[in-house]
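So the sequence lines, in the order shown, correspond to chains A and B.
With the working numbering, the residue at position 22 of the first sequence is 22, and numbering never jumps.
With the working numbering, the residue at position 141 of the second sequence is 141, and numbering never jumps.
Check each hint, because a few of them may be wrong.
Calculated from the model, a selection of chain B residues having no Cβ within reach of chain A, i.e. all distances over 10 Å [to be verified]: (1) Val5; (2) Ser10; (3) Thr32; (4) Tyr83; (5) Glu93; (6) Thr141.
The calculated DSSO-like cross-link candidates involving lysine-lysine, where the alpha carbons are at most 27 Å apart (straight line), are [claimed, not checked]: (7) Lys9(B) <-> Lys106(A); (8) Lys97(A) <-> Lys86(B); (9) Lys97(A) <-> Lys108(B).
Not close to chain A: a few residues of chain B, all C-beta gaps over 10 Å, as computed [what the hints assert, rightly or not]: (10) Glu6; (11) Cys14; (12) Val18; (13) His87; (14) Glu140.
Quick caveat, the hints were computed from the structure, so don't treat them as lab data.
Built from N, CA and C at the ideal position, the CB exists for glycine as well.
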Amino acid sequence: MFITVEILRSHKACQDQVDLFAATFPDGVQVTEAVCLAAADKFDFRWAAENLLPPEARAEYQAKHASILGEYRAKRAPIWAEYRASNAAIWDAYGTKHAAIWAECKAKSAPILAEYEAKRAALFGRIAETLGD
Amino acid sequence: MFVTVELLKSHDACQDQVDLFATTFPDGVCVTEAVCLAVADKFDFAWAAENLLPPEARAEYRAKHAPIRAEYKAKSAPIWAEYQAKHAVIWAEYEAKRAPIRAEYEAKDAPILAEYLAKRAPIRAEYEAKRAALFGRIAETI
Chain A
1 MFITVEILRS HKACQDQVDL FAATFPDGVQ VTEAVCLAAA DKFDFRWAAE NLLPPEARAE
61 YQAKHASILG EYRAKRAPIW AEYRASNAAI WDAYGTKHAA IWAECKAKSA PILAEYEAKR
121 AALFGRIAET LGD
Chain B
1 MFVTVELLKS HDACQDQVDL FATTFPDGVC VTEAVCLAVA DKFDFAWAAE NLLPPEARAE
61 YRAKHAPIRA EYKAKSAPIW AEYQAKHAVI WAEYEAKRAP IRAEYEAKDA PILAEYLAKR
121 APIRAEYEAK RAALFGRIAE TI
């Protein structure tokens, strides 16, 4: 598979990735595993798989990618849980403080919202009255 | 204008509003300003204005009542603007109170988050490398 800037544009790649590709591969590139590995942290391979691969190859990619993604998520899960556990107390403290000011905001908004809804309903009623059955 | 459950259903009103209408006006209702005011906080008058004001003969009705819809839109615009203006003050006050609380949270969270991101980085890099290699291997066959 040979990829060029024109191919990326024709598939509506985002401008940042087009610019990066043009700077990295000004004459296009023959895609190989080595080339992709060298640019693994630069290009959006999820987008590339969904948009550049033909249907059969895309299906193969999706099937094989599922296990790679599952492996990544499994490895990430314990450190995410560790983060959430470490963060829980300050998150709860924020939540408590935020709940108070949010309740205050909603309480202050309620009467002006009710006033707005009443005026809108009255306007609808006045106009509807002129229509008859 | 007489509104019934059947009329609401025929205009694809959402089920919650149909149920509420059926409970409030089981025999339908002749719409008046007083009726609307009494249920101002219950029914979706924006939807009603857009969907019920036109009669069954929609095209004919729209032509005939375009000025009425325009009147509704024109008159409702300042009502909405008034609400927006009042709400903006309350929202600004909320944002002003929220900012220091959020900043305090983010300051305390920063080292914890940084530790998480540092631990995640090699796992993420490994995943990205495997993903890129998979794409490359498949692309090589094309």
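Hints, one by one, checked against the model:
Distance check on Val5(B): its Cβ is at least 16 Å (rounded) from any Cβ of chain A, clearing the 10 Å threshold; non-interface status holds. No Cβ of chain A approaches the Cβ of Ser10(B) within 10 Å, the least distance being about 16 Å, so the stated non-interface status holds. Here Thr32(B) does not stay apart from chain A, with its beta-carbon only about 6 Å from theirs, under the 10 Å limit. Its beta-carbon lying about 4 Å from the closest one in chain A, Tyr83(B) breaks the requirement of being farther than 10 Å from that chain.
Glu93(B), annotated as away from the interface, has a beta carbon of chain A within 10 Å; the closest lies near 7 Å. Against chain A, the non-interface label of Thr141(B) is violated: not every CB pair exceeds 10 Å, the least being about 7 Å. Between the alpha carbons of Lys9(B) and Lys106(A) the distance comes to roughly 33 Å, so the proposed pair goes past 27 Å and is violated. Proposed proximity of Lys97(A) and Lys86(B) is supported: the alpha carbons are some 24 Å apart, at most 27 Å.
With a C-alpha separation of about 15 Å, the suggested pairing of Lys97(A) with Lys108(B) holds against the 27 Å cut-off. For Glu6(B), the shortest C-beta to C-beta distance to chain A comes to about 14 Å, beyond the 10 Å cut-off, and the non-interface label holds. For Cys14(B), the condition that its CB be more than 10 Å from all CB atoms of chain A holds, with the nearest at approximately 17 Å. Residue placement check: Val18(B) keeps its beta carbon more than 10 Å from all beta carbons of chain A (closest about 18 Å).
Distance check on His87(B): its Cβ comes as close as 6 Å (rounded) to a Cβ of chain A, failing to clear the 10 Å threshold; non-interface status is violated. Taking the minimum C-beta to C-beta distance to chain A, about 5 Å, the non-interface status of Glu140(B) is violated against the 10 Å cut.
The structure is inconsistent with the numbered hints 3, 4, 5, 6, 7, 13 and 14, although it conforms to all the rest.
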